[in-house]
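> Protein sequence lines, in the order shown, are assigned to chains Z and Y. Using full-length UniProt numbering, you'd call the opening residue of the first sequence number 1 and step up by one each time. Using full-length UniProt numbering, you'd call the opening residue of the second sequence number 1 and step up by one each time.
Simulated from the structure, these hints should not be mistaken for laboratory data. Since the structure is predicted, the reported quantities are computational estimates derived from the model, not experimental observations. Do not take every clue at face value.
Distance condition first, Cα-Cα at most 27 Å in a straight line; then the derived DSS-like pairs of lysine-lysine [what the hints assert, rightly or not]:
no., chain 1, residue 1, chain 2, residue 2
1, Y, Lys108, Y, Lys92
2, Y, Lys51, Y, Lys133
3, Y, Lys154, Z, Lys74
4, Y, Lys51, Y, Lys154
5, Y, Lys112, Y, Lys133
6, Y, Lys120, Y, Lys108
7, Y, Lys112, Y, Lys51
8, Z, Lys38, Z, Lys164
9, Y, Lys134, Z, Lys63
10, Y, Lys45, Z, Lys63
11, Y, Lys108, Y, Lys45
12, Y, Lys134, Y, Lys45
13, Z, Lys63, Y, Lys120
14, Z, Lys74, Z, Lys160
15, Y, Lys134, Y, Lys78
16, Y, Lys92, Z, Lys63
17, Y, Lys92, Y, Lys120
18, Z, Lys63, Y, Lys112
19, Y, Lys120, Y, Lys133
20, Y, Lys78, Y, Lys51
21, Y, Lys51, Z, Lys74
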Amino acid sequence: MGWIGESVESIRSLQIRHLLTQIVSLGMIVTSALIIWKGLMCITGSESPVVVVLSGSMEPGFKRGDILFLHMSKDPIRAGEIVVFHVDGREIPIVHRVIKVHERQDTGEVDILTKGDNNFGDDRLLYAHGQLWLQQHHIMGRAVGFLPYVGWVTIIMTEKPIIKYLLIGALGLLVITSKE
Amino acid sequence: MHSFVYRLNTLVTFAAVLLAMLCAAASLLDAFNSPTVHAHAEVIKINRFRKQLSGNDEVSLALNISMDLRSLFTWNTKQVFIFLAAEYETSKNSLNQISLWDHIVPDKDHAKFQAQVANKYPLIDQGSNLHGKKVELALHWHVMPRTGRMIQDKMAVSSFYLPGTYT
């Protein structure tokens, strides 16, 4: 009866090894995605190197679902640049164009006013109550690159979470059941 | 080994890589386009020069603008955003940049034109420093691509002096 026990033992160890390999490869995928994201953060100097356009306020240049690549260099902000900024009390950052810049003589601080290309008026209504200008610390980055449509994936996944869980489930199942 | 899912995976991956390479190539080819922009803009008339209730100087202008932007357009250009900015220095601010007028050029056929316009946005100073001030006008353009890198440049077009008194 010794040979049965041996073979059972070998199958069990094989399965455990297989399972371990799957877990490790899944971990590799997750960590490499994290490495790429954090690496991009270092290179671009922006806390979120890629943003998805959520509104039509910059149409026809940027439509909902397009993605923008951000860069945050030491260069001062100038009129005409498209910047991503956050406003106190608002969770979602805004992508609009700079139309006015005032740079202080003594401190070098900047006052910035933005406007969406497709909006009628400037953004003072979007800013926090009583806020007239954006300062450097509101700016998350300036848009340097553009890719259309790709952002729809994240828009659909945030608006219909069930699709997200289905997708994650299906991918997880594929990883676990796949054999070499 | 060669199951349906594997074939599908390979096909989709290949298609995605190909699409990404095409996008990159389209954007890279823009680098070989060296545009020469011809443009001129000048102030015809200062319609109004006054002090706002808040104490800031405000100027309204009439402008004559002409430009030929056709060389900016490549097959990867979605549109060109242009604006005319006033730039000046005051004792308080080392740089004041104020967009006076902007326009979206949708395609090459509309890229050569001449127009007389009033300013879309008033020139408002931070304070009251505009008497007799020399203001430089610069035309900025922002080439927005179908995909890839965005290109920005500017040229100085003219300058004018504001009057010494309010109108």
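> Evaluate each hint against the coordinates.
To see whether the hints hold, each was checked on the structure:
1. Lys108(Y) x Lys92(Y): With Cα atoms ~42 Å apart, Lys108(Y) and Lys92(Y) exceed 27 Å; violated.
2. Lys51(Y) x Lys133(Y): Holds. Lys51(Y) to Lys133(Y) sits at ~15 Å (cutoff 27 Å).
3. Lys154(Y) x Lys74(Z): Measuring from Cα to Cα gives roughly 20 Å; hence the hint holds.
4. Lys51(Y) x Lys154(Y): Violated, at roughly 30 Å.
5. Lys112(Y) x Lys133(Y): Roughly 32 Å separates the two Cα atoms, so the pair is violated.
6. Lys120(Y) x Lys108(Y): holds (24 Å)
7. Lys112(Y) x Lys51(Y): Roughly 37 Å separates the two Cα atoms, so the pair is violated.
8. Lys38(Z) x Lys164(Z): holds (23 Å)
9. Lys134(Y) x Lys63(Z): Violated, at roughly 39 Å.
10. Lys45(Y) x Lys63(Z): Judged against 27 Å, a Cα distance of about 38 Å means the pair is violated.
11. Lys108(Y) x Lys45(Y): Violated - the C-alpha atoms of Lys45(Y) and Lys108(Y) are around 30 Å apart, more than 27 Å.
12. Lys134(Y) x Lys45(Y): Cα-Cα ~15 Å, so holds.
13. Lys63(Z) x Lys120(Y): Given pair Lys63(Z), Lys120(Y) holds - Cα atoms ~24 Å apart, limit 27 Å.
14. Lys74(Z) x Lys160(Z): Violated, at about 39 Å.
15. Lys134(Y) x Lys78(Y): violated (36 Å)
16. Lys92(Y) x Lys63(Z): violated (39 Å)
17. Lys92(Y) x Lys120(Y): At roughly 25 Å apart (the allowed maximum being 27 Å), Lys120(Y) and Lys92(Y) satisfy the hint.
18. Lys63(Z) x Lys112(Y): Since the Cα atoms of Lys63(Z) and Lys112(Y) sit roughly 26 Å apart, the hinted pair holds (cutoff 27 Å).
19. Lys120(Y) x Lys133(Y): holds (21 Å)
20. Lys78(Y) x Lys51(Y): violated (41 Å)
21. Lys51(Y) x Lys74(Z): violated (35 Å)
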